[in-house]
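Chemist: Mind docking chain B on chain A? Use the hints.
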Amino acid sequence: MLQKKVCVLGAFGVGKTSLVRRYVQSIFSDAYLTTVGVKVDKKTLTVGTEPVTLVLWDVAGEDDVNAIRMTYVRGAAGYFLVVDGTRAETLEVARRIQERVTKEIGPIPFMLLLNKADLQENWELPTQSIEALERAGWAIFRTSAKTGDSVEEAFQELAKRMVA
Amino acid sequence: MPGLSLAARDASSTAETPPEAARARQLAALLLEVARCVDKDLASVLPSRLDGDPRLEAVRSVLLEQDRAAFDRLQQKVNDPQQLAEAISAVLARAFDLAGSRDEQLATVLAPTMERATQASIRRDPNVLVGILYPLMGPAISKSIAETLDGTLHGLNQAFKHSFSWRGLKWRLEAYRSGSTFADVVLKHTVVFRVEHVFLIHRKTGLLLEHVAAPQAASQDPHMVSGMLTAIQDFVRDSFSPEKGSSGGGIDSLRLGELLLWCEEGPSAFLAAVIRGNPPETFHTVLRGTLARIHEELRGPLDEFNGDSATLGDLVARLEGCLQQQEQPQEKRISPWLWALPLALVLALASWMVLRTVEAYRVEAYVQELRGQPGVVVTGAERRDGKWHVSGLRDPLAADPAELLANSNLGPERVVGHWEPYQALNPAIVVRRIRSTLNPPPDVALLIDGKSNTIRALGNAPQHWVEKARALAAALPAGSPRIDLSALKDIQDPTFIRLRNAIQAHIISFDSGAPRPGPGQEAALDAVASELGELIRVARGLGFSVRVMITGHADSTGKETSNLSLSAARAEVVRSMLRARGIAPDLLSVRSAGALEPLRPGASEQEQAINRSVTFTVSTSD
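So the protein sequences, as listed, match chains A and B. Quick note: the first sequence uses numbering that gives the first Met the number 0, first residue 0, plus one each step. Quick note: the second sequence uses numbering that gives the first Met the number 0, first residue 0, plus one each step.
Hint data in this document are derived by calculation from the structure and do not stem from the laboratory. All of these numbers come straight from a predicted model, not from anything done at the bench. One should not assume that every hint holds.
[To be verified] From the derived model, a few chain A residues whose C-beta atoms are all more than 12 Å from chain B:
#, residue
1, Glu88
2, Asp148
3, Glu156
[Claimed, not checked] 25 Å max Cα-Cα, derived BS3-like pairs, lysine-lysine:
#, chain 1, residue 1, chain 2, residue 2
4, A, Lys159, A, Lys102
5, A, Lys102, B, Lys203
6, A, Lys42, A, Lys159
7, A, Lys42, A, Lys145
8, B, Lys203, A, Lys159
9, B, Lys467, A, Lys42
10, B, Lys488, B, Lys467
Beta carbons are placed, not taken as given, at the ideal position from N, Cα and C, and that holds for glycine.
Chain A extracted, bound-state conformation (with noise of 0.2 Å):
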């Protein structure tokens, strides 16, 4: 069976954990995030007619003080940068993190979760931001970890690019 090395990556409170557990059965408790700074969940998919395992890495969020350990997302196949669409400063961190991945593991498959989408009419990302970033290419999703809105497909789309 094929298997891919994902990582969720964000800002701290951007909605990570509550996605993949929204996407996953979690086994592991969430004080690993707190001690070690991640926690892998595994979700199998299928993508075509063959089936994949993702191998999801919650790393712990990113702020002025604690950046992520890249030793975490080294061997990734791709990740997820979440972004909390009621908080504009995550998507800084978002854009951060994905300069310093591409900088420091290469370029591999990423998508933009803006989450929070059950909150839009609290948004305060800048519309233009976005549309630059989509025409920059980066593939984008509004999700709600709260609903589910988009999860499955956000992570199917990732699939489908790692596996290409």
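Modeler: Chain B alone, transformed into the frame defined by chain A:
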């Protein structure tokens, strides 16, 4: 080489014939050759060569001209060592790589040469090889020493842990018998382990390459476990490794209760074994060997691993060799029935010993109680013929040993007494003796004064009892307590005294020479009988009896012997007459005084008449 010779000949013939003709001849010859190759039968009918036809030669020359030039260059390169070395050096690395990835032949072929080269290098200058190996030897030696020390410490720990236990003593005995060291025996018994899971994990991605588990071993999803293990390894490496990005410095060993995690790292993958119990340090070698073989055989696929496990082939068989276990040797079980007999014997022995101890304790208590009794002297107590024999001296008035035995919880059949009678001088026994012999009046109390070894009698007692007590005291053996009767008050009953005096005042008169009382004496005899009867009753009421001595008298006339007979007859007659009046004859005794005890000493008729009489004397007795 026929081609070369042909080419040379063609070149020489070209000079003799026009070029067109030579080429045509060459072409014709080639066509003939082709025809012969296609159909073997033509070889027999067609000539082998069209000698002298220059056209064929020309054709051949045209066709082979470029090849010939290339061949010439190649031959020049082969013949020139410098050019040949340059050509080989350009492809040598790739050739080694290909040959190495294809099979083990290259390694096998190169090994002797490498060994010889290494030996030559060492002979020439050992420092070169030392310099090469130094960066590797340091960590390798450190790791080896650490593992050896771990093994030694593990053995020492186990040895210390079990040194002073019962099991430790058994193992010491086993070590002594087998000639092994104690630590070896301890390790043999304590190295009990079971490898429950083995994970082969891709180092770069943390993806699970393969997982094998012992039967019934529980675990979370192996993919997630391998991911978390990698994360933790990375975390530890990042946090504590001195060099950022270093590939070493992860977790080698981690223990959680009975579970032990051992990791062995290789260049592309690492093995993680989850072990329950205490594995021997040599199990590291098993893991390391397995990992080395996997890297050796799958180096390329591991390096290029992109998540597709199928490229690695079947790894399960390789990993299953790591699923080792060592169980504690089952001790030979003994049938419960074989335990029953010795157990019953032990229980019986214990019960017997308990019963014997209890019995001995009770006999001791019984003997102590006997020793505390006045008038009892225990001289021996021993167990003989299944019974206890208690022997000694016992005053008949002392406590009865049989009664004491009944109160001692000892069966009368278990204790045999051997008692010799003796007279005890213990004051308590003497008091008992006085009581049983003298039957003291109720008013009399007998007190023991231990200090002066004296028995004091207090209260009121009749004279006759006092006299008897005094007689008994005088008859006691030397060393007996002194009996003090001085505090007793002598009491006399007035009725008794009156009756006694009245009886003793009676004088029964007789005529001269007559043995029977004279006329008118019947009334006096009646009075004596009546008073004597009352006296007997009064004396009995006072606790004693009386006796009456009847003394016969005679006057001084006549012969002395006759007077004695006559006085005896007079006393007997009076006794008969009193018996006839109801007096018990055993209370009456007679005595003959003759003329020897005259009531009146004179010889007048009146005095003689008084001396012809019978008198009464009252005495008391028990």
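Chemist: For every hint, state whether the structure bears it out.
Modeler: Okay, the hints, checked on the actual structure:
Every CB of chain B lies more than 12 Å from the CB of A/Glu88, the least distance being 26 Å, so the non-interface label holds. With a cut of 12 Å on Cβ distances, A/Asp148 stays outside the contact zone with chain B, its closest approach being about 26 Å. The Cβ of A/Glu156 sits about 17 Å from the closest Cβ of chain B, beyond the 12 Å cut-off, so the non-interface label holds. A distance of roughly 23 Å separates the Cα atoms of A/Lys159 and A/Lys102; the hinted pair therefore holds under the 25 Å criterion.
A threshold of 25 Å between alpha carbons decides the hint, and for A/Lys102 with B/Lys203 the separation of about 17 Å falls inside it, so the pair holds. This hinted pair checks out: A/Lys42 and A/Lys159 have alpha carbons roughly 14 Å apart, not beyond 25 Å. A threshold of 25 Å between alpha carbons decides the hint, and for A/Lys42 with A/Lys145 the separation of about 19 Å falls inside it, so the pair holds. Taken as a hint, the B/Lys203 and A/Lys159 pair is honoured in the structure, with Cα atoms around 22 Å apart against an allowance of 25 Å.
Distance restraint check for B/Lys467 and A/Lys42: the Cα-Cα separation of roughly 126 Å exceeds the 25 Å cut-off, and the hinted pair is therefore not satisfied. For the given pair, B/Lys488 sits about 14 Å from B/Lys467 by alpha-carbon distance, which is consistent with the 25 Å threshold.
Checked against the numbered hints above, the structure violates only hint 9.
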